[in-house]
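Participant: Turn these sequences into a full structure, and let the hints steer you where they fit.
Chains A and B are the protein sequences, given in the same order. When we follow the working numbering, the leftmost residue of the first sequence carries the number 865, and every step to the right adds one. When we follow the working numbering, the leftmost residue of the second sequence carries the number 865, and every step to the right adds one.
Do not rely on the hints blindly, as some may be mistaken.
If chains are identical, the list can't say which one is meant, so a pair holds when it fits in one copy or spans any two.
Unchecked claim - Straight-line C-alpha distance at most 30 Å; calculated DSSO-like pairs for lysine-lysine:
#, residue 1, residue 2
1, K1160, K1082
2, K1110, K1183
3, K1082, K1171
4, K1014, K1110
The set of hints was computed from the structure by calculation and includes no laboratory data.
Protein chains: 2
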Amino acid sequence: MLRSILISALIAVASLGAARADDLPSWTDGPVKQAVVDFVTTATTEGSPGWIAPADRIATFDNDGTLWAEQPMYFQAMFVMDRVRALAPDHPEWTTTQPFKAVLDGDMHALAEAGQKGLMELVAATHSGMTADEFEAIVKDWIATARHPKLERPYTSAIYAPMVELLTYLRANGFETWIVSGGGIDFMRPWVESAYGIPPQQVVGSQIAESYQVIDGKPQMVRESGIFFVDDGPGKPVGIHRHIGKRPVLAVGNSDGDYQMLEYVTAAEGPRLGLILHHTDAAREFAYDRESHIGKLDKALTDAPEKGWVVIDMARDWKTVFPPAP
Amino acid sequence: MLRSILISALIAVASLGAARADDLPSWTDGPVKQAVVDFVTTATTEGSPGWIAPADRIATFDNDGTLWAEQPMYFQAMFVMDRVRALAPDHPEWTTTQPFKAVLDGDMHALAEAGQKGLMELVAATHSGMTADEFEAIVKDWIATARHPKLERPYTSAIYAPMVELLTYLRANGFETWIVSGGGIDFMRPWVESAYGIPPQQVVGSQIAESYQVIDGKPQMVRESGIFFVDDGPGKPVGIHRHIGKRPVLAVGNSDGDYQMLEYVTAAEGPRLGLILHHTDAAREFAYDRESHIGKLDKALTDAPEKGWVVIDMARDWKTVFPPAP
Ligand SMILES: [Ca+2]
Ligand SMILES: [Ca+2]
Chain A
865 MLRSILISAL IAVASLGAAR ADDLPSWTDG PVKQAVVDFV TTATTEGSPG
915 WIAPADRIAT FDNDGTLWAE QPMYFQAMFV MDRVRALAPD HPEWTTTQPF
965 KAVLDGDMHA LAEAGQKGLM ELVAATHSGM TADEFEAIVK DWIATARHPK
1015 LERPYTSAIY APMVELLTYL RANGFETWIV SGGGIDFMRP WVESAYGIPP
1065 QQVVGSQIAE SYQVIDGKPQ MVRESGIFFV DDGPGKPVGI HRHIGKRPVL
1115 AVGNSDGDYQ MLEYVTAAEG PRLGLILHHT DAAREFAYDR ESHIGKLDKA
1165 LTDAPEKGWV VIDMARDWKT VFPPAP
Chain B
865 MLRSILISAL IAVASLGAAR ADDLPSWTDG PVKQAVVDFV TTATTEGSPG
915 WIAPADRIAT FDNDGTLWAE QPMYFQAMFV MDRVRALAPD HPEWTTTQPF
965 KAVLDGDMHA LAEAGQKGLM ELVAATHSGM TADEFEAIVK DWIATARHPK
1015 LERPYTSAIY APMVELLTYL RANGFETWIV SGGGIDFMRP WVESAYGIPP
1065 QQVVGSQIAE SYQVIDGKPQ MVRESGIFFV DDGPGKPVGI HRHIGKRPVL
1115 AVGNSDGDYQ MLEYVTAAEG PRLGLILHHT DAAREFAYDR ESHIGKLDKA
1165 LTDAPEKGWV VIDMARDWKT VFPPAP
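Facilitator: Below is the structure:
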């Protein structure tokens, strides 16, 4: 009897150890990986103080710089510029009109000078004036063919292998995994299911105005030129509340734009985990934080110890960064 | 060999018949029930022309008058009036100010005269100015204690038993079931999971403005006085696109406010089903359609044959209407 209990216990411990080693193979053993595994293990252990009811196992992930790279500029900005170039033959006036001229000339200085207003014009010209189905087809075509200039691979291979493992590990433990991104919701939906295993209905993002219209007898969603919702900073908790309607228990981000999401998720009672990806790896990816124009990580990095947020040091905590390029 | 094939076939047919009889026991056998069962059976039969990939099995249900009753007025309006009465001691000015005076006096004529503007004032006074957590607690308390005046039962027992069976049957066949309602999203979320088995993240509804605020060190969603989104009529396809991001294959409604949702869902290619609940049952529930101020069903009823929408005749097609009252 005692012997069989001992054997059962040994098998349980052994399988637990094996599960840990297998579930996150791209993560270096150490305090960060341990914090993640401990959180998930206690969350799924009934009777433990860290147990979380299955219905409350909601995890929210930022996308740019958290699930895929974001340098030298947001990939959606790459998409905007590619679209301007593709549409230019139908818009001869763009060769003399800013901010379009700047894109066509590759003049980053003039583009920067066009500022927020210029960016909005580019977004309107490339993201609206078509049906949702047409936009989906455009994004699918782009994501299938475009390549990251520095990383020399398709954008869907510029995703982080350790984060895909984490998503899979969480789902295997009953968590629902969501994207909560400042990026466009309809820019992400066509490819996130195959890249991350996250279906379109679990994506929260920025949205442009839309209207329902019956065109030639066919009901369509039409994309209008106006911003409906910006899912960034304090907008992230609002987007979470609108789409999910309950407070997640785990949030993962990489910049000050995730500050409020991390705060909203981790300041409530019960077991909570906040993770911040710190880009420290110039050799394999990029190194940037407090001074970066893209993905600036300053206040959240300063406040992480006090808030109990766990900082993932990419260079230290990840054995690999990207999946093998196809 | 032939004999064993025959036996297998007989068992298959018998178990199919048994499954059908068991899954929708509150539905009368006939063409409507058959249309539902046929749709689900072919949707889940690989190789059949009506097969639907599991990821695309999305079903959207209106709530008021489709999943629960809506007469003599929307239940959320009952909630508004109960809240005005509960808050009145803190608002002595309401005894002399419309539309509040009308509610306190039970003066339905004055209330009707206050119109849309008056209604918005009542909604603002009862649905905003508190945190999301506080509002959730208010709704939970109301739904646990309030009773329908005519049906003499809690509102959560004024739900339709055949629709709960249909939701369960769909989920058992791999469908994701969503609510898409003109009602307030945060008014529904606290109780729809226990009533219908639908989690808060699968509810689409009208929304008021919200903001993220840290109050006394606690991160909160604060409900503001302004309408952010009206999920009715042409708003329903927009709400569907925003929250789900793909076109459902099945839609169920009961009024002209569901016209565009039914159209959006059923006019696309592939297997589609639109269902309309026609309230024909004055004896067990209510009978109303083209002339009703609540849940007016006119154009959708006229166009149903041409659009291929299946009309559920409550008196004919449902053996029971409500679950047993507690
Ligand atoms: Ca980011
Ligand atoms: Ca209705």
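Participant: Could you run down the list of hints and mark each one as holding or not?
Facilitator: A quick look at each hint next to the structure:
no., hint, verdict
1, K1160 <-> K1082, "between (44 Å within a copy, 25 Å between copies)"
2, K1110 <-> K1183, "neither (34 Å within a copy, 36 Å between copies)"
3, K1082 <-> K1171, "between (51 Å within a copy, 13 Å between copies)"
4, K1014 <-> K1110, "neither (39 Å within a copy, 33 Å between copies)"
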